[in-house]
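Q: Please model the entire structure based on the sequences and the hints provided.
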Amino acid sequence: MITKIDKNEDRLKRHKRVRKNISGTTECPRLCVYRSLNHIYAQIIDDTTASTLVAASTLEAAVAKAVSGKSKKEAAKIVGMKLADKALAKGVTTVVFDRGGYIYTGRVAALADGAREAGLKF
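As numbered in numbering that gives the first Met the number 0, residues 0 to 121 make up the sequence shown, in order.
Among the hints, erroneous ones may be present.
[What the hints assert, rightly or not] Mimicking DSSO-like on lysine-lysine, the simulated pairs with C-alpha atoms at most 27 Å apart in a straight line are:
| id | residue 1 | residue 2 |
| --- | --- | --- |
| 1 | Lys71 | Lys85 |
| 2 | Lys85 | Lys69 |
| 3 | Lys85 | Lys3 |
| 4 | Lys3 | Lys72 |
[Stated by the list, open to error] Computed spacing ranges between beta-carbons, pair by pair:
| id | residue 1 | residue 2 | range |
| --- | --- | --- | --- |
| 5 | Thr2 | Gly90 | 41 to 49 Å |
| 6 | Gly68 | Asp9 | 27 to 35 Å |
| 7 | Thr92 | Thr2 | 19 to 27 Å |
| 8 | Glu8 | Lys64 | 30 to 38 Å |
| 9 | Leu87 | Asn7 | 26 to 34 Å |
| 10 | Ala63 | Ile1 | 26 to 34 Å |
| 11 | Lys89 | Ala63 | 18 to 26 Å |
| 12 | Ile4 | Lys89 | 36 to 44 Å |
| 13 | Met0 | Thr47 | 25 to 33 Å |
| 14 | Gly118 | Thr2 | 19 to 27 Å |
| 15 | Lys64 | Asn20 | 32 to 40 Å |
Keep in mind that the hints were calculated from the coordinates and are not lab data. As the structure is a prediction and not an experimental result, all values here were calculated from the model. Where is the CB? At the ideal position from N, CA and C, for every residue including glycine.
A: Encoded structure:
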């Protein structure tokens with residue numbers, strides 16, 4: 000039986016393999032996703048300056064109110080929309096999606112869909 004630790008090790012291997020090829024620039028920063036058991040976090044990173052431009056998660060007060068009583072998948076979509084709104088306000092329109100080694104389904108896909116609906120291009 001595969002344990003949670005083994006799954007996370009495999010995810011980290013996938014993430015390292017993908018990060019060799021994906022990096023965010025000033026013109027097209029990287030949208031990075033991390034999901035824990037109960038929450039989801041996303042940030043837009045400019046790897047050339049090693050700085051986070053925008054971040055959003057289900058722990059933020061404004062988002063937490065909006066997601067109370069909703070499923071994790073719906074919460075991820077709301078986080079994606081909130082992140083896209085913040086990014087567009089800072090002038091970021093195009094990003095490179097970094098799924099963090101997670102399979103592109105469920106909450107990760109919902110976050111991406113929410114960001115696309117709100118106007119981010121990737």
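Q: Taking each numbered hint in turn, which are not upheld by the structure, reported in ascending numerical order?
A: 3, 7, 13 and 14
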